[in-house]
Amino acid sequence: MMWRVGTVVALQDETATARTITLKVPDWPGHIAGQHVDVRLTAPDRYSAVRSYSIASAPNSERRVELTVDRLPNGEVSPYLTQELAIGDPLEVRGPIGGWFVWRSEQTEPIQLVAGGSGIVPLMAMIRSRAAVGGAATFRLLYSVREPGAVLYRDELQALSDQNRSVTLIYASTRVAPKDWPRPPGRIDAALIAQTTWPSNLSPTCYVCGPTSFVESAAGFLTAIGNSPDKIRTERFGPTGDRK
Amino acid sequence: MNSHTYDYDYDYDYIDGNAAAGELSNIFAMDVTAAKGQCAHCGAIKRFAEAHVYMQGPGLVARCSVCQHALLRFVTARQRVFLDLRGLICLILDTSQLVESGR
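Residue numbers (numbering that gives the first Met the number 0), protein chains in the order written: chain R, 0 to 243; chain G, 0 to 102.
One should not assume that every hint holds.
Said to hold, decoys possible - Below 25 Å or equal to it, Euclidean Cα-Cα: the simulated SDA-like pairs (lysine to any residue) are: (1) R/K230 to G/L90; (2) R/K230 to R/A193; (3) R/K230 to G/D93; (4) G/K45 to R/V4; (5) G/K45 to R/K23; (6) G/K35 to R/A193; (7) R/K230 to G/Q55; (8) G/K35 to G/R62; (9) R/K23 to R/V4; (10) G/K45 to R/S199.
Honestly, the hints are just simulated from the structure, not real lab data.
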């Protein structure tokens with residue numbers, strides 16, 4: 000797949016460490032919710048670094064691609080993307096990539112989304128896509144964060160939940176939880192999954208995205224309450240995404 | 000897919016087949032993440048997206064999520080790509096996506 004050059008047309012800070020980058024990509028072929036792109040940065044000495052980032056925006060006809068990038072303290076690429084990149088800058092992208100971790104608007108079964116940290120990004124594309132097309136699929140999102148300030152897209156999620164009830168939100172926090180969240184701080188566990196996700200007899204399709212350890216445990220709990228492994232789609236990320 | 004800070008430690012050193020798809024798009028005309036592959040060691044048939052992918056080395060290695068045997072090794076060196084598929088008995092690709100993407 001060839002590299003394309005997009006232009007940064009908007010930047011928006013989402014949290015203290017995360018920023019959404021909106022690109023216009025002139026020859027963008029269109030994408031499906033859940034897909035990702037590779038981003039390539041090349042230094043003047045031609046050293047280059049490639050990283051994968053999920054697409055946050057719903058499919059659209061404007062050749063617009065939004066990426067939400069969380070800054071890693073010792074990252075090689077994310078500090079540049081979240082702090083240096085400016086409107087009007089070019090950015091090389093390869094994509095859209097991936098045909099497995101995707102939600103298509105033809106799907107009408109209940110959808111269970113489980114996000115760990117910035118694993119919300121591809122799931123947000125699915126939620127936005129669902130909101131854009133309407134349709135029958137009912138979404139539930141279980142979203143685990145370090146602390147409430149780390150929630151991405153909070154206002155938009157709330158608005159989508161309030162307006163058309165197309166998505167039900169359940170937040171969980173590993174460290175600090177407000178009183179109105181369903182449970183005290185802690186990692187997700189079997190009880191939380193059993194209490195807050197779709198009953199397995201409704202045969203939901205489950206999408207789980209986050210760090211590898213989060214995905215392994217969440218997928219295990221989903222399987223334990225009776226979901227078929229065939230109905231659980233996962234996307235894992237971690238420091239090994241850092242590559243030359 | 001996103002590098003980030005979060006309380007789930009990076010105590011696993013692999014990611015998954017989704018992360019390998021960009022590199023593999025250089026040699027496969029079709030998306031490999033949705034493809035099913037059969038492990039030559041244990042016989043399990045799984046989506047390539049579910050494979051455990053290691054990218055710390057000079058190339059990338061995809062391992063069977065069931066038995067951990069290497070399914071695929073991919074190394075780029077100068078103008079050459081080395082692709083070792085001996086760990087896969089078969090890779091089953093869905094051609095319907097060709098129509099969908101217009102490729």
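We went through each hint and held it up to the structure:
1. R/K230 to G/L90: holds, 21 Å
2. R/K230 to R/A193: holds, 16 Å
3. R/K230 to G/D93: Roughly 18 Å separates the two Cα atoms, so the pair holds.
4. G/K45 to R/V4: violated, 34 Å
5. G/K45 to R/K23: At roughly 36 Å apart (the allowed maximum being 25 Å), R/K23 and G/K45 break the hint.
6. G/K35 to R/A193: violated, 30 Å
7. R/K230 to G/Q55: Measuring from Cα to Cα gives roughly 30 Å; hence the hint is violated.
8. G/K35 to G/R62: holds, 13 Å
9. R/K23 to R/V4: holds, 9 Å
10. G/K45 to R/S199: Roughly 21 Å between the alpha carbons, so the hint for G/K45 and R/S199 holds.
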